[in-house]
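One-letter residues, chain by chain:
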Amino acid sequence: MSRFEIYSPEGLRLDGRRWNEVRRFECSINTHAHAADGSSYLEQGNNKIITLVKGPKEPSLRSQANSLKATMDVSVNITRFSKFERSAISHKNERRVLEIQTALLRTFEKNIMLHLYPRTQISIQVHILQQDGGMFASLINGITLALIDAGIAMYDYVSGISIGLFDTTPLLDVNTLEENAMSTVTLGVIGKSEKLSLLSVEDKIPLDRLESVLAIGIAGAHRLRDLMDEELRKHAHKRVIKASTK
Amino acid sequence: MTLSIAEKSYLYDSLTASPSIRPDGRKPHQFRPIEVSTDFLPSSNGSSRIISGDGSECIVSVKAKVIDHTLSDEELIQVDLDIAGERTDSPQVETLMSLLNKVLKSGPGFEHSRLQLTERYSFKIFIDILVISSNCNPASLISFAMFSALNTTTLPKLISSFDDLKVEELPMFDDYDLVNLKLKSPLVFLLAIVGNNLIVDPDANESEVCDNAIIVTWLDGKIRSPIRTLTLNNSYSKGFDPTLLQKGLKLIEENAAAVLTALESS
Amino acid sequence: MSDVISVIKRQSGLKYASIDNDEMENFSSDEDVPMVDIDGKSNGGKRNEAAAGEIVTPGELITEDPIWMRGHGTYFLENSTYSSAAGTISRVNRLLSVIPLKGRYTPETGDHIVGRITDVGNKRWKVDIGGKQHAVLMLGSVNLPGGILRRKSESDELQMRTFLKEGDVLNAEVQSLFQDGSASLHTRSLKYGKLRDGLLIQVPSSLVVRSKNHTHNLPGNVTVLLGVNGFIWLRKTSKMDVARETPSAGPASDISEGPTGAKSLNPTNSVSITRLEEESSWKIYSDKNDPSITPSIRQNISRYANVIKALAFCEIGLTHERIVIGYEASIAYSNIGELIEREVMESIGDDVINIEKMRGNGATE
Numbered sequence: 001m002s003r004f005e006i007y008s009p010e011g012l013r014l015d016g017r018r019w020n021e022v023r024r025f026e027c028s029i030n031t032h033a034h035a036a037d038g039s040s041y042l043e044q045g046n047n048k049i050i051t052l053v054k055g056p057k058e059p060s061l062r063s064q065a066n067s068l069k070a071t072m073d074v075s076v077n078i079t080r081f082s083k084f085e086r087s088a089i090s091h092k093n094e095r096r097v098l099e100i101q102t103a104l105l106r107t108f109e110k111n112i113m114l115h116l117y118p119r120t121q122i123s124i125q126v127h128i129l130q131q132d133g134g135m136f137a138s139l140i141n142g143i144t145l146a147l148i149d150a151g152i153a154m155y156d157y158v159s160g161i162s163i164g165l166f167d168t169t170p171l172l173d174v175n176t177l178e179e180n181a182m183s184t185v186t187l188g189v190i191g192k193s194e195k196l197s198l199l200s201v202e203d204k205i206p207l208d209r210l211e212s213v214l215a216i217g218i219a220g221a222h223r224l225r226d227l228m229d230e231e232l233r234k235h236a237h238k239r240v241i242k243a244s245t246k
Numbered sequence: 001m002t003l004s005i006a007e008k009s010y011l012y013d014s015l016t017a018s019p020s021i022r023p024d025g026r027k028p029h030q031f032r033p034i035e036v037s038t039d040f041l042p043s044s045n046g047s048s049r050i051i052s053g054d055g056s057e058c059i060v061s062v063k064a065k066v067i068d069h070t071l072s073d074e075e076l077i078q079v080d081l082d083i084a085g086e087r088t089d090s091p092q093v094e095t096l097m098s099l100l101n102k103v104l105k106s107g108p109g110f111e112h113s114r115l116q117l118t119e120r121y122s123f124k125i126f127i128d129i130l131v132i133s134s135n136c137n138p139a140s141l142i143s144f145a146m147f148s149a150l151n152t153t154t155l156p157k158l159i160s161s162f163d164d165l166k167v168e169e170l171p172m173f174d175d176y177d178l179v180n181l182k183l184k185s186p187l188v189f190l191l192a193i194v195g196n197n198l199i200v201d202p203d204a205n206e207s208e209v210c211d212n213a214i215i216v217t218w219l220d221g222k223i224r225s226p227i228r229t230l231t232l233n234n235s236y237s238k239g240f241d242p243t244l245l246q247k248g249l250k251l252i253e254e255n256a257a258a259v260l261t262a263l264e265s266s
Numbered sequence: 001m002s003d004v005i006s007v008i009k010r011q012s013g014l015k016y017a018s019i020d021n022d023e024m025e026n027f028s029s030d031e032d033v034p035m036v037d038i039d040g041k042s043n044g045g046k047r048n049e050a051a052a053g054e055i056v057t058p059g060e061l062i063t064e065d066p067i068w069m070r071g072h073g074t075y076f077l078e079n080s081t082y083s084s085a086a087g088t089i090s091r092v093n094r095l096l097s098v099i100p101l102k103g104r105y106t107p108e109t110g111d112h113i114v115g116r117i118t119d120v121g122n123k124r125w126k127v128d129i130g131g132k133q134h135a136v137l138m139l140g141s142v143n144l145p146g147g148i149l150r151r152k153s154e155s156d157e158l159q160m161r162t163f164l165k166e167g168d169v170l171n172a173e174v175q176s177l178f179q180d181g182s183a184s185l186h187t188r189s190l191k192y193g194k195l196r197d198g199l200l201i202q203v204p205s206s207l208v209v210r211s212k213n214h215t216h217n218l219p220g221n222v223t224v225l226l227g228v229n230g231f232i233w234l235r236k237t238s239k240m241d242v243a244r245e246t247p248s249a250g251p252a253s254d255i256s257e258g259p260t261g262a263k264s265l266n267p268t269n270s271v272s273i274t275r276l277e278e279e280s281s282w283k284i285y286s287d288k289n290d291p292s293i294t295p296s297i298r299q300n301i302s303r304y305a306n307v308i309k310a311l312a313f314c315e316i317g318l319t320h321e322r323i324v325i326g327y328e329a330s331i332a333y334s335n336i337g338e339l340i341e342r343e344v345m346e347s348i349g350d351d352v353i354n355i356e357k358m359r360g361n362g363a364t365e
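For the record, the sequence lines run as chains A, B and C. When we follow UniProt numbering, the leftmost residue of the first sequence carries the number 1, and every step to the right adds one. When we follow UniProt numbering, the leftmost residue of the second sequence carries the number 1, and every step to the right adds one. When we follow UniProt numbering, the leftmost residue of the third sequence carries the number 1, and every step to the right adds one.
There's no promise every hint is true.
With a straight-line cut-off of 25 Å between C-alpha atoms, the simulated PhoX-like cross-links for lysine-lysine are [to be verified]:
no., chain 1, residue 1, chain 2, residue 2
1, B, Lys-8, C, Lys-239
2, B, Lys-157, B, Lys-65
3, B, Lys-27, C, Lys-9
4, C, Lys-191, B, Lys-8
5, A, Lys-92, B, Lys-124
6, A, Lys-57, C, Lys-126
7, C, Lys-309, A, Lys-238
8, B, Lys-102, B, Lys-247
9, C, Lys-152, C, Lys-191
10, B, Lys-124, A, Lys-83
11, C, Lys-357, A, Lys-242
12, B, Lys-184, B, Lys-105
13, B, Lys-184, C, Lys-9
These are computed hints drawn from the structure, not numbers from a lab. Since the structure is predicted, the reported quantities are computational estimates derived from the model, not experimental observations.
Only chain A is shown next, with the shape it has when bound in the complex (with noise of 0.2 Å):
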């Protein structure tokens, strides 16, 4: 087996988390107000990811506009430095990167009121800094911030997270070592409800684990949105502040 002990005899992962902790979490939005209509900026462990919403639009091309919704499209920039090694090759038009793009377009597509914007496009681009695992769900999380920045109306939040099956115990979110040498589970969870947008298994994972790792997962996507819910009102609070001062 690996050389690190990934899950000690005493419950201490890596990083000295416990199976059931999320890594730190800090977000915040209206980061790019001169760039993009929405924009966050999150830190979820050693992920650093900016997200911009450009819209709802004007269409740039007229063959994208649909008369009755607004059209998606999401682009993810995984920078060249973003891991501790330098990668040789570019990231775009990589096959996983388009699988993304793909993955997260459905699960916000439902999310989004997107029939309230028809003949609009709502473009969202995300740049991912440095990544140390559980990448996916912390695009999701930062899109979802973005989103809300932008005013564009959601039905909820969508938080995400990862899940890994150490043996038999789940390990919540988990970082790169711990993806690396284990199955793991990714999930978008549709605010505090049990639904879920987003499930991604893409190794082998018995299935009789699949409902412990679930409600693990599901339980740590709600502390994520609890976590974004605070960053928001706090910024919302201030603004209501400056806004009474007017």
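Since the structure of chain A is already known, use the hints to place chains B and C on it.
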């Protein structure tokens, strides 16, 4: 961006007035304020982010790798540029790339010996540039960000011997100690020519109406190559009086040091 | 620090400067602001009722009372009303809506807006007004040279670009809204039309409050057009502008003689500018600026532009009075270029708030 004819002529008349009246009231030698952060990417050897008041933003990462320079004579500095929303082979990216490569090769203080570790090994520096948004030509912003990143780049400290041609050993590094790379990269300035006036750091609207523009590279108190002209818009591109070039270079020489000091102290 | 460039260093990693950071302190330290209770709300909406003005976030239950009509920013599910945006609750009569903290301009009928032509199409222009979609200006909704009562002909259709073309800036009124929320504009009044003699700046549309009058003559021979959509045009005050503000009872005032202003009329015509029957000439679509814009007016325009950007930076709503106060406060900085520095912008913002308080016409929101 398209401006109306009336806007263009208003801007052009203001900028060509004597002295020039810029739409945001700046002096001809005044740059827009910027905000700098450095050293925020723990997995890179150096990093910086610069945001300009209009929301233009550029992020630079510097990563180093040890290579055996006796085996290949590859460049020890490699630049890579990514502008959000642009293809890597778009004309804008390619022009900027060629400019940046030239800029990094200009002048002393940038020779390979700075990166040489031992007789055999050298550091290879990868400079990755990400332009998240820009409203006008980002060359200047990129060079400022590159400067700040390289200025704060630290590399592991070598503890094995310099002479390793005879003994076959890999360079050894101290576990904790870091040394500053102290590589000063050249600064690039954008100078717009409008009528008989020169203005530094033109914003998006000023770029739309300027007759011509010059890119000037500056390092160590001196103007270096490359110096290039470029057109910032399609409608106004006239030739310019060569005496203006002299004046422009002087303008840069007088003010570049202040920019350098401001960037260094940050 | 030198006057060449100002560099602000941000410590502690990649914190983004937004209103979350330092400049908030300036505001809260010397202000007595009503604290809205935010504690205990973050536990995910286990309450029954949210009061007006309260902050809600997406997915939060607002009310289970079905009596409310649901407006923007809300949705209805299983007899309950939820928020679909982050913002504050507004209750007007029986209409319940959530006003988002931020968002693009949403046009309303009667809005005075400033926009830019992006497209010339079949009997219509597309106008960028900073909204979710471009607005439409129909050929039939503009005044054409040769009298406004004349019929539009086929030749007008063919020469639409000679009236308005891509890039042109104009002010207009929102005439009506389409089903999908996009706006149809008209310029059938002499106060609307192509804009000249100045420059455009953009601020968030939330900072411009709808009011009766959006065109103001400012000290220093500058006129501002505060588009409700956040597009703001600053120009040299024309004779038209002066005439508009002079409550001239008699129709034959000497002001309307030989106008050179932004929307000048036929020079030989000396009837009142308020009469719609007036003949519009080709001049209203001219691209030529007034040749007599002096350097000092240009400098004033630059100064106003910087003052407005400073107020927008401090997120202070824009009114005629505030712009004038800000301008007066800015005179302390003889170099207009200083006004783009962050500290100066903050100090202008503070000055405006304080002076306004002193004059006692503070809460005119």
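A quick look at each hint next to the structure:
Distance hint between Lys-8/B and Lys-239/C is fulfilled; the C-alpha atoms sit about 23 Å from each other, no more than 25 Å. For the proposed pair Lys-157/B and Lys-65/B, the alpha carbon gap of about 13 Å is at most 25 Å, so the pair holds. Between Lys-27/B and Lys-9/C, the direct Cα distance comes to roughly 23 Å. Compliance with the 25 Å bound is thereby established for this hinted pair. At roughly 22 Å between alpha-carbon atoms, Lys-191/C and Lys-8/B fall within 25 Å of each other, so this suggested pair holds.
At roughly 24 Å between alpha-carbon atoms, Lys-92/A and Lys-124/B fall within 25 Å of each other, so this suggested pair holds. For the suggested pair Lys-57/A and Lys-126/C, the alpha carbons sit about 13 Å apart, so the restraint of at most 25 Å is met. Under the criterion of a C-alpha separation no larger than 25 Å, the hint pairing Lys-309/C with Lys-238/A is consistent with the structure, at around 20 Å. Only pairs whose Cα atoms come within 25 Å are accepted, and Lys-102/B paired with Lys-247/B is accepted, the gap being roughly 24 Å.
The straight-line distance between the Cα atoms of Lys-152/C and Lys-191/C is roughly 21 Å, inside the 25 Å bound, and the hint therefore holds. Note on Lys-124/B and Lys-83/A: the hinted pairing holds, with a Cα-Cα distance of about 17 Å set against a maximum of 25 Å. Pair hint Lys-357/C plus Lys-242/A holds up; C-alpha atoms about 15 Å apart against a cutoff of 25 Å. With a C-alpha separation of about 12 Å, the suggested pair Lys-184/B and Lys-105/B falls inside the 25 Å cut-off, and the hint holds.
Straight-line distance between C-alpha atoms of Lys-184/B and Lys-9/C comes to about 19 Å, which keeps the hinted pair within the 25 Å bound.
In this structure, every one of the numbered hints holds.
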